[in-house]
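Chains Z and C are the protein sequences, given in the same order.
The letter at position 41 of the first sequence is residue 41 when you use our numbering, and the numbering goes up by one with no holes.
The letter at position 55 of the second sequence is residue 55 when you use our numbering, and the numbering goes up by one with no holes.
For the record, the hints were derived by calculation from the structure and aren't laboratory data.
Hints should not be assumed to be uniformly reliable.
[Claimed, not checked] The calculated SDA-like cross-link candidates involving lysine to any residue, where the alpha carbons are at most 20 angstroms apart (straight line), are:
no., chain 1, residue 1, chain 2, residue 2
1, Z, LYS36, C, PRO162
2, C, LYS194, Z, ARG27
3, C, LYS194, Z, ALA22
4, Z, LYS77, C, TRP175
5, C, LYS194, Z, GLU29
6, Z, LYS36, C, LEU153
7, Z, LYS36, C, ASN163
8, Z, LYS36, C, PHE152
9, Z, LYS36, C, PHE167
10, C, LYS194, Z, ARG30
11, C, LYS194, Z, ARG25
12, Z, LYS36, C, ALA150
13, C, LYS38, C, LEU23
14, Z, LYS36, C, ARG165
[Stated by the list, open to error] For the chain Z half of the interface with chain C, some residues (derived, Cβ under 8 angstroms), not all of them:
no., residue
15, ALA15
16, ALA17
17, LEU35
18, LEU46
19, SER63
We put the CB at the ideal spot given by N, CA and C, even for glycine.
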Amino acid sequence: MAIRKHRPLSGANGALAWIVFARDRSRFEREFPNLKLLQYNPTTPLRYWLSGGLKRWSLLPESAWKYATTFDKLPLKVSPHFGSFVEIELLKSDGVA
Amino acid sequence: MAEKPENRLAGKRVAVTGGAGFLGSHVVAELQRAGCAKVFVPRSRDYDLRRADAVARMYADARPEIVIHLAAVVGGIGANRENPGQFFYDNLTMGVELMEQARLQGVSKFVAVGTVLKLPQIHSGTVQGRAVVIDHRGMLNVFHHISDAAAFLSEAARCLVPNGRSFIADQNRGWISSPILHYFHGDRYAPESKSWQFASTGP
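All chains, please: the whole structure from these sequences, using the hints.
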């Protein structure tokens, strides 16, 4: 099957999660009072990038990966702004949607 | 005392999409061990699950009480990187058609499992009466492709059961990620945008 570009959902804004749940959090809380933001947890500062992401290469040798998880947590102890990814948890309240 | 899951599955008719795959073959084996009356595995050569008519035909053939949706259109790293929209569209369509036909045909339980980039996260949905409600939903590295975040959140608020949860793992605007996403990543990165919307670039 031929795969075509420019299909639905091909667009993006890589900052969307930060925009909606961090920068515009007051708007989110105002417009969606029945969705409670339980956590906005920045994580994984370096590991994904060092792995090469979706590319075939990796900047770290395989033997180093057992230390990578521990190493990756260190920048977050300094500041959550080091987090390259974020884990978000929303809770639907009991109210009517 | 709570009933064991195996007992709840005994005698049930279950359809497992993707049941011939790596995960699915293990799930099918467990279902058979649990005493399911019939475990139906639709194959792509027989049913194009992106099409509503094929999904309806599959349900008519299998008459499942439980549906476990594991099937996905997947590719290697390069294919995923070059065609995220195509893969995402196919997989979303398949899930939507399977859930909608399950609702129409009165399937009592629908479980969808999906992963993108990161393991493990679980989608779990339950079909109750005429409306699809979601207990827990996980979204992995796809939120930034949602072209209307407010519309998505409205739908999430509508579909989640009270006390249901939505888990989203996505890119963050961080000190390290910002320059990478801005200068080296293929997707658009616009933290300055005032809008929660963008063009989907699709037809």
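What hints, given by number in increasing order, does this structure fail?
Result: hint 19 breaks, nothing else.
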